[in-house]
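Chains as they are written, first to last, in the working numbering: chain A, 1 to 297; chain B, 298 to 833.
Take these hints with a grain of salt, some might be off.
[Stated by the list, open to error] With a straight-line cut-off of 30 Å between C-alpha atoms, the simulated DSS-like cross-links for lysine-lysine are: (1) B/Lys371 x A/Lys231; (2) B/Lys646 x B/Lys707; (3) B/Lys601 x A/Lys77; (4) B/Lys688 x A/Lys192.
Derived from the structure by calculation, the hints contain no laboratory data.
The structure displayed is predicted, hence computed values, not measured ones.
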Amino acid sequence: MILLPISIFATFILLFFGSSVQLKEYKPSPITLFIWLLIITYLSLIFSTPYFLFILFLSTYIVKIFIESHLWNKFMKYSLYLLFFIILFNIFLMQNGIHKILETSWLTITWESIAFAFSMALRILLIMGAFSIFNSNVNMDEIIEILDKLRFPQGTLITIALSLRFFGIIAEDASQSADVLRVRGVQLSSGKIRDRIKARYPVMLSLLNNSLERGIQIAEALETKGFPSRKRKPWRRISFPPRELLLTSFLILAAFLATIFLIRGMGEELVPSHLYHYLLISILSTAIAFSRREEHD
Amino acid sequence: MISFHNYSFRYASSSKFALRGINLKLFPREFVLVVGDSGSGKTTLLRSINGLVPHFYGGVYEGAVRMEGREVRKTPPKELLSVVSSVFQDPENQVLMSTVEKEIAFPLENLGLDEMAIERRVEEVLDLLGIYHLRGRKISTLSGGEKQKVAIASAIATYPRYLLLDEPTSQIDPNSAEELLSLLERLNDDLGMGIILVEHRMERTMHRADRLIVMKEGRIIGDGEPRMIASKIDLDSEGIGYPQITRIARKIGMKYLPLTVKEGRKTLEKILKDVNPQEDFSYGDILVDVRSLHFSYGQSRIIKNLNLRIRRGEILGLMGRNGAGKTTMAKLLSGLLRPSRGEVRIKGKRIITLGERERSKLVSMVFQNPNLHLFQDTIEEDILFSVEDGKEKKAEKIMKELGIWNLRKKSGKELSGGERMLAAIATIAVREPELLVLDEPTRGLSFKYKLLLSKFLRNYARNRAVMLISHDVETVARTCNRVAILSRGRIIAEGNRREIMCSSLIYSTQLNKVVQGIENMKERKILLEEDLGVEL
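All chains should be modelled from the sequences, with the hints used to inform the complete structure.
Now the structure itself:
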């Protein structure tokens, strides 16, 4: 039982005092990071015990210390707002469990409900943390290259690349279209909700016109740059050296073992059995191995 | 060689031929400048070379265009890639990948080059253009000028024999534009790459070209050495314009027409010594009062402790490099952004506290992208959108003043870039705000339209005020009575247009640069042709 408050306490220590800790910056291989992200997400979904989720979070935090993540603080800040509601919602609405802490005529708070609420919160933190590290270190072109290595068709990949590249620009167009209406005296932020929605209709028209024009210009640029081409040979910039192959094999093994343990029913207790320690140590040491790898180009 | 034989082309969506009876030969290693009024067929000429016409834009195609012996009509653009490359007007829409090196490699990947060859070319092109430091950068973090350089790098990575450029400097500041054009000159001189450039800004480009092609209504009306063409054809009346000093020399009947500042100094020195114009504008009451204005986007401070007053009757030109904070300033004045500190008052009212309708009567803004203003079926409907009843007469007057009355039944999509901008200005001016803010309204405008715009704004500001944000120093000098220069969120110079522009090394007219270089003449505040008695 003591592990739960320790985990909660340690998580908040990491959240509030760990944001500025940065030992050394590395640029990991996008492929390794991609696999790591998938595994962390997978493990965070299959485990529900706070203790394990905390260890996973700790391992993510260790990765963050060694790999620069400029998005970490931002993601964690947004997660905190979410956590507040998730924890409150689960503690007060989930009244199951036998270890009662408080019982009134209308409210029962149990250790189990706290553990569940904390598990959900940790999951969010874990996924957000892992994505913040991934997004800080892998750009869109590298994601496309990873998909290319997975043999996605070239046409689809370029479409994805263009969509991702222009997503922000189109969002900016939408915001500017609304601003154009504002300077023309259209009331977008006052009046009834129905009227406000109606007033925004020209934003859609303007966005559509503008996107059409942009689309034509992009298509022109693609055409003059020789796309589509049967001769096309992608220039792969991301490397995947043997050392990283070993590392990711280790990660995959950890995920595999975790699944086996869980199938055997060994992942639902609040207090872990000694078998789990192997798994936790393996994930942690993977994280440490990860952080000690040499810098790429 | 690129050759046009009795070539005509009409777009499928149009009843009028965009190009008619073109006979033209373009040789490798030439620097060719193509000029013409809006809708004269310049862009279609480039599209006919790179194969976008007829492979991307279908239509009626007559005659033939041949490139290095191959007929363009029968050769898709991707097969012309190693002979000709293109750079378009808007850097945002032609840079497709998300990092610099991937963007440069993109056409090479399409050519099927192996990884070693791509690596080598990317390295070489980055070095050649002096942008190696941008190699790992994300496209979204680059300035407009940097993006345009990356677009050129991507275009020349295929080692083309001809580079086609359609108004590549129209969206970048004067310094970046100068760097970019010098770069083109270097590609032409050092590598023998043929440059075919469409541009409106004659003062920047005319002296660099070996050959000037003048187009009008789809035909070529002049083709030859720029100085010769400038003396034969009246480029002002064709709506194209001259560099200031060339215009002056031509109007006063000089046989040798100067094209550069250096040439201008030699030929115009005697005339300039007799001139020392002074002016004193009178303004009305204070209309706009900006006090201790601060604004930040996240961690970066964009506007820092800015104070500014604009009086009735004033046209304030706001200049500065890309990223100096000019657009942010315009949005703060228009109440679209909330200052972190400080306030903007117009007619004594705090602008941020007002609702959209009330605010739009006090201040309104024309955005850089005119397409955002035009979304109805006709531009007449666009202009009358969300305007109080009874403004039809006013709308008609504005459209006539801006020269777009004949276009009122057309949709925005059917207009040229310059015409769209004028229509966008009309959509805001018809509301008659006390302060009219325009953000880069001269982009894509030909000389003829710039003159119309200047005249319109001077009339508009008689009992109101205008803030004109522009990189176009000639238009600012011709239109504004006061000028402010913004740098890193602060106003670093502000005052009468002559005081500011005549003491600036960058934000000054070509004529003033001539004056600044003549001994003992720096104090003479000569800016415009009118100062020498030359009327436009």
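Verification of the hints:
no.	hint	verdict
1	B/Lys371 x A/Lys231	holds (19 Å)
2	B/Lys646 x B/Lys707	violated (39 Å)
3	B/Lys601 x A/Lys77	holds (27 Å)
4	B/Lys688 x A/Lys192	holds (27 Å)
When held up to the earlier numbered hints, the structure conflicts with hint 2 and nothing else.
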